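These protein sequence lines are chains E and G, in that order. Letter 22 of the first sequence, counting from 1, is numbered 22 in the numbering used here, and no numbers are missing. Letter 224 of the second sequence, counting from 1, is numbered 224 in the numbering used here, and no numbers are missing.
Treat the hints as calculated values from the structure; they're not laboratory data. One thing to keep in mind: the hints can contain errors.
[What the hints assert, rightly or not] Covered by chain E, according to a simulated footprint, are these stretches of chain G (three or more residues, beta-carbon under 8 Å):
#1 122-131
#2 160-174
[Unchecked claim] Not close to chain E: a few residues of chain G, all C-beta gaps over 12 Å, as computed:
#3 L107
#4 I195
#5 I291
This one's a predicted model, so the numbers in the text were calculated from it and none came from an experiment. Where a beta carbon is used, it is the ideal one built from N, C-alpha and C, also for glycine.
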Amino acid sequence: MRSVLSAVGVFLLVGLLFSTCGAANVIVIGVNAELTGSIPVVGQSCKNAAEMAADEVNKAGGLEVAGVKYQIRLIVEDNEDKPESAAAVAQKLISQNQVLALIGANASRNAIPAAQIAESAKVPMISPWSTNVKTTQGKRYVFRACFIDDFQGVVCAKFARENLKATKAAVLYDIASEYNKGIAEVFKRSFEQYGGKIVAFETYTTGDQDFSSQLTRIKQTDPEVLFLPNYYSEVPLQIQQARRLGYTGKVLGSDSWGFPDILKLGGADIEGHFFSTHYAPDIATPVAQKFIKAYEERFKEKPDDVAALTYDSFGMLFQAIKAAGKLDREAVRDALSKITLYDGVTGKMKFEGTGDPVKSAVFIQIKGGKFTYYDSVAP
Amino acid sequence: MAVILQQTLNGLQLGSVYALIALGYTMVYGILRLINFAHGDIFMIACYIGFFASGAFLARHLPTWAVFASTLLTSMVLTALLAMLIERSAYKPLRYAPRVSAVITALGVGLFLEHFTLATLGPAPRAIPPLLPAANYNMGGLTISSLQLMIIVISIILMLLLDTVVQKTMTGMAMRAISFDKTVVPLMGVPVDRIISLTFAIGSAVAAAGGILYSQAYPIINPYMGVRIGWWAFIAAVVGGIGNIRGAMLGGYILGFVEVFTPTILPSSTYRDFVAFTILLAVLIVRPTGILGRVAAQKV
């Protein structure tokens, strides 16, 4: 009995110690990341960038809010890449750690349930990487740093029409996957709005390896650009087969191409083609260069889009806290929604009444076996 | 017109590969009355063997045709050995067990092969280097790739060779005899176990050849690639008449044409499996033993 009592005593003491620590000019921010599960790379990049963003502010003496300097304290929790876990992590960070704001989760399947928790607890949350519309739809407290899926369909259509000067486009997409299907349909609509013509709109099903039938039909309609909003493991097969059937035009894709593996799998066949994504590692803005250099020095690898978007999420959050002038969740939310310009690693962005930023997409060309920045396109 | 010709070529290419794989199903079924559901995954292993073999041979700076020939041979031999090992360790102990036990074991072997590959080599897809010349020839709107022609021609040669082995040699005669009556044939001095092993070896070697050709046409391989192809080849074998070698070839080409012509005629490629299974059901209703299958009286 006594040992239990003393254990409780120690526990209370430690709790007291921590809470007094917390009171001394500290802002607590929760990070909800996919550290284990099927996409651990995403969680790790998110954690790395979060630590970097926090350390930069702390080293500079802290974040100045209404004349007082505050240190940033991160609480990083693993959501195991499971929706129910992501919700539980959000709940824990809000009620137990009393965080001012949440960063993450990243994948849409985790971000959507986490967003519901944040919304009902009235805690501002920014998802760096979730592109699904539902994450922010109808919510006041949830924001994101990336663009949404539909948006890529629009910018790809504009890029095909204006940069590639195409009048006839063909699309081949995976009808069984929400992501591919959404982008393909928006692309079709927008390309026609921009005055182009969709000459072929063909489908396949996840896991297919033979696309010769669909590509033969596409070839027959003689398109100037072939749009493939599909995953990096399938795109090389599609381009190779199109080439074998005699298609010689340009090929365009979406951010699902943006994995280094596509270079290995595609080889010479994907050379010269374009895709839209969140950011380019060789983009020339000073903000991006500074971030990339610091990240490489610290973690010995090139930052991917998750790292860049997480860093921007923190940047926007810090800007909003400063603008709010007080450590109040409601005030921070209002300040976030009123950001008129944030110059981030992934480009300039602003919020216009919703949780989705207005920003431009980056187009990358595969050149010399590398991802090379080509252009930025705003809708 | 050019479209129809082009699609016919596409169908021939795909059908050749399905036919090569369907042969393995049909041969094993013919001799053991066992549907070897691990066959699609054996095909996948053959592709992985091809991946490593081609890498090793390319490193020796051999001419490409020599690399292709040695990759093909290596993959066929190693895959045949693997199939014999599987037969000895997983199927032979169940030779006199109820047939459903053997089928479940086959499913288990398939899952084992998939996940063993996944665990040891990882889920990331790999690219097979091009070993066959890939030049395009244009003929009035029709684009013929040399790769497509090579695949069709090599497959047909292999099938003719196999047909000759089964119809003309003593081994082939023994195989046909065992499939006819498994209890009497050993009394005639036929080494049943050895012939069964050999059947597995030949069926899998042919699937390996199919795998190497397939991975030239579709040069990205992953541990799950055998699943869908395995199912389609299985349907091909049943449609053609399972147990009948020429039936498997016919079934392979029928399925190849279904896959290619469905998106051409119907509005979407999603109708493909629907059409394939409708054909399967129709064949089973009209001719339960398949198009070329012989009508066997069930012994009671």
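Hints, verified against the model:
1. 122-131: holds (count 4)
2. 160-174: violated (count 0)
3. L107: holds (19 Å)
4. I195: holds (35 Å)
5. I291: Non-interface label stands for G/I291: nearest chain E Cβ at 23 Å, farther than 12 Å.
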